[in-house]
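Peer 1: Go ahead and model the full structure; you've got the sequences and the hints to work with.
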Amino acid sequence: MLLIHCPYCGETLPEVEFAYAGEAHIARPENPSAVSDEEWAEYLFMRDNVKGVHYERWRHLHGCGRFFNAARNTITDKFLTTYEAGAPRPALDTLTEGGK
Amino acid sequence: MTAHANILTPGTLADTAAARVTVTAAPGRLSLRARGELGAIEGALGLSLPGKIGGRSQDNGIEALCLGPDEWVLLTAPENVASVVAAAAAVYDAHPHSLVDVSARETTVAIDGPRVLDLLCLGMARDPESIAEGEGRRTLFDGQTVLLWRDGATKFRMDVWHSFAPHLLGLLEIGCRELAAETL
Amino acid sequence: MSKYRVSGRGRIDTSRPVSFTFDGKRIKGAKGDTVASALLANGIHLMGRSFKYHRPRGAVAAGSEEPNALIGTRRGPGRFEPNTRATVQEIWEGLETNSQNKFPSLKFDVGAVNDAAYMMFSAGFYYKTFMWPRSFWDKVYEPFIRAAAGLGVSPKEEDPDTYASRNAFCDVLVIGSGPAGLAAARAAAVEGLKVVLVDENAEAGGTLLSEPQAVIDGKPAWDWLSSELAALKAAGVKIMTRTTAIAYYHQNLIGLVEKLSDHLEVLPQDTPRERLWRMRAKQVVLAQGALEKPLVFHGNDRPGVMLAGSAQTYLNRYGVLVGTSPAVVTSHDSAWFSAFDLADAGAKVQAIVDTRSEIRQELLDGAKSRGIRVLAGYTATGTEGRLRVKSVRVNPMQSGKVGAPETISCDALLMSGGWTPSLHLFSHTQGKLAWDDDRTTFLPDYTPEDCVIAGAGRGLWGIAAALADGAEKGQQAVEALGRSAIAAVPAVKNDRTGTGVSHKELPTDLSPGKAKAFVDYQNDVTAKDLRLAVREGMKSIEHVKRYTTNGMATDQGKMSNINGLNIASDALGRKQPQVGLTTFRPPYTPTTFGAFAGYHRGGHFEVTRKTRIDSWAAENGAVFEPVSQWRRAWYFPKAGETMDQAVARECAATRSSVGIFDASTLGKIEVVGPDAVEFMNRMYTNPWTKLGVNRCRYGLLLGDDGFIRDDGVIGRMGQDKFHVTTTTGGAARVLNMMEDYLQTEWPDLNVWLTSTTEQWSTIALNGPNAAKLLAPLVEGVELTEEAFPHMSCVECTVAGMPARLFRVSFTGEIGFEVNVPAPMGRQLWETLWKAGEQYGITAYGTETMHVLRAEKGYIIVGQDTDGTVTPDDAGMAWAIGKAKPDFVGKRGLARPDLTAKGRKQLVGLLTEDGSKLEEGAQIVFDPAQPVPMKMVGHVTSSYDTGTTGRPIALALVEGGHDRMGETVHIPMPDRTIAAKITGTVFYDPENAKLKI
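Respectively, the protein sequence lines represent chains Y, C and B. Numbering of the first sequence is given in numbering that gives the first Met the number 0, commencing with residue 0 and proceeding in unit increments. Numbering of the second sequence is given in numbering that gives the first Met the number 0, commencing with residue 0 and proceeding in unit increments. Numbering of the third sequence is given in numbering that gives the first Met the number 0, commencing with residue 0 and proceeding in unit increments.
None of these hints come from the bench; they were simulated from the model.
Mimicking BS3-like on lysine-lysine, the simulated pairs with C-alpha atoms at most 25 Å apart in a straight line are:
#1 Y:Lys77 with B:Lys431
#2 B:Lys51 with B:Lys515
#3 Y:Lys77 with Y:Lys50
#4 B:Lys281 with Y:Lys77
#5 C:Lys154 with B:Lys193
#6 B:Lys933 with B:Lys900
#7 B:Lys900 with B:Lys881
#8 Y:Lys50 with B:Lys431
#9 B:Lys218 with B:Lys237
#10 B:Lys431 with B:Lys538
#11 B:Lys218 with B:Lys232
#12 B:Lys2 with B:Lys24
Keep in mind the model is a prediction, meaning the values are calculated, not measured.
Peer 2: This is the structure in structure tokens:
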């Protein structure tokens, strides 16, 4: 069971308080009706399935209730960072696993 | 193990050398959601709202616990609920917010005793010691969302939606007996 | 006392005799004995039969790694456990044990014919034999496999014991309480740090319990041990014995199983049998030591052949001589010390046979002074003895050749093929291992966790080395926590250090093809099997493992992995690291299901949510059904009524007068804020801007893919306030979805969501007399068509209770839903019940609700839809606010696939023969087509005669909306049913009955 740092609560807490919510930084088109079928399918279905650092969403469901973003290495299962929803994607070279 | 049918009336459910579990009378309970400058709402409530998640404040017959960046639970005497709602409604236009009466939604149990931290550890994955005295949190106990208020070193309150309460109380009751039978 | 019990030896309490039974025979032991030590003390080596060949077997080890001595244990009726390791189970007065895998008796077993036919059962036997012909699978192979599979017999009774679980937190967790673990715990026991020391054994001490000769800090080992344990306790270290670290999960979460009562004669009250600890440690020190390897030679599995270190443990810890005239075969110095200990305790050691020709002088002197014959540079090539070893055949090895055999008589054979570091938990951490050529074993290398490994676990040998390394690693753990520690290293005398060499199977002068040289005892895998697997093309150890089942038994290869690897890599002509090591997975030792289930069994298995009205339903004879986590009243049978009769009565009463229904489980969400209406417009398909206050509307919720996710009636309670209802099962999901859009897509909207599902008790009243019944109780609104038309809602008072009253109908009759603060629910129900008596008010359950709604063609999301159904498919295009620029799902609905022709669409079905269809039954257009037929849809809802006079069904059928009146066919096992496609509304299509 992972420990996850909630950027809103400022606490590192057991995974059971959280719910995974898929890949991060996939914005819903401003005006969906204006996008092509291809663009819409890209938004709706296509995900990266990264081997390595994955930007993903979590929700502190049984805590503060907020959705937030995380960068996690899917090979080691270690979090590199978590950050508030809406914040920009942090650059990879600034991140190390578990702050080490 | 039996399903615990009618154990939700106020009263002591378990009382052992390890811990005591008591269903308390339900207070008035409100869910407050607001963001931005909170002065108007705080003025209406007569209470300064804690800004840090897990923080608590108390004033004007209202006890507040901050649950999220824009979320508080307010406890007050059941007979005060209407006046609190009215006071907040009066500043709604100036500072829109949501104040919903959820007094009927939850059941509260008081948990205290020398082994209360271990009792909580039966069903809680986070370290109860990480909740300071005088704070509170929303967390998970035996798989269900609860609010946990730490009122003292070995004194807690747990709020849970009514329909989940028998399940949780069942575990708390087992735990009180199990811990009392333990030789340390 | 038997000749095998040595007085003055061991840690058992011979002043406290304990007797138990083994296969019905009374066995005497002493307090502190395990089943195995007590049996050995009585001269009993034969403890079981092997899995495949049914060969006689005895204990080969003294600890949890034991592969052979698996027994059934019973504590009176209802308490039976198979496959318990006799080497671990402590005895208590009255314990019943039995051997396994034998028929009719342990000494004479019919299944042993497999042993004679062993050529048949070679590697890959199952794969080769059970392939062909296909028809043999059901009738021949499967029954054979089922009969042969498994070891002990599963208990049939429900487990009467209770199990517990607990989360715990510590700064330093030390796993293993041998010298390395003790030293680590001592070093970590710094003021303010929470240190926990766990050990799977009944008492702490590890190796020290088997090596009383050592002198530590001037004290005999056992005196030092007890003072050290006292010091640890005094320093606040929590010492947990009988506690196995079964698994190492992410971020230093360790699963610990504590056995609390299996060793007790009287079960204490309120004490669970086992407790699963989920221990989150900031730092972990693994000090699990090393496991001894057997030597691989013909007959190395005979009862009486056992690991030398285990024989030493039986002697020093349990006061048992495993034989009075043992012989020793070894490739490691450690077995020499075992031989010396046994000799000093009175055994006549027949010989020490060492595969090495060069032996340390100190050992040779030790043998000489005890009069033990030494055969250096010898191999072992066989054993004799039917149910117990009586001799060993040894041959000299000279310049690579095996010389003439010699037979040495013995009543026990102690073997040692060297030692393997216990790396199971280290491997659970995804730790990397490095091959050490000198020691011919893997050693720990890198782990991503905050974890260090100390002592024999990383190849260090001897008590002094383990103490020094443990102290250093304990200190390291403390320093990693930002604290400092000074670890004193105790001085050790009479330490037993040593080295050895590692072998594949031992050289032999006999035909290797006939040798039964066991590598995996429990799964009966021999060296020959491993070589055969390689010859047949298995190149990776993972394949060899699965083909031969080497290391796949309940001991997870604790003894067999490295021997297996050495043999496989020799057969492949490649170095061991290139062949690889199989992955160790949790749990470390077999673990009960009870430990994993913990408290979650019986009534506490999972949450059962009940409404405030549930108690009334229970008192009034309701039959319940589970709906998500809720239990809901399904129907209310009167005395003698069947379900169909009860439902028919409830339907009729509701249609003709008035029915009352507990709808409290519906999900409810309060949507409040200046942007509430905009939020509703974006979430739901329907338009909300023009919905007036005190009006409600049926809302349809899609996913962005365009498919129906949920539905419910939504009331506008104020300009900025909506009372949203969801399906019972969808409540949490819908709220989560709304929060997702609100927080991450539209954070600018000023609106908030609050779950009020449990704030309200909701009672539905339906039927032509519903308004008449309710009106006298309502204050604040007239229940007339004009003042409170269909699809109205209002805050008012009902029977003196504050209420939110909705005029809605899920039955097609005049309908109301009364919401009152939840605790008032039952009071309101009883008030309505009383007021309804004059109308013959009838309580109905979910089944009647389903029938009545189906007659009106109202869908149930998740039953008539399955996640691929659009509003148009469901015949609900009317619910879409077409003028809205966007809502969740709008763009999705424009996807080409969702507008294509031939989609499955919801229709009604009426069978031609008037029979009831089965829900889920597949539909075809042409029943004469060849099998497999093209399936064009399925029945989603089907009910027996409700109020329409005939069974009705709803179905999803390809292009169904354009096929009105056509006949489709539903093939069933016994016949094919023809049905006509109709509209979905079977009752009152004009909605005339909705009017007051």
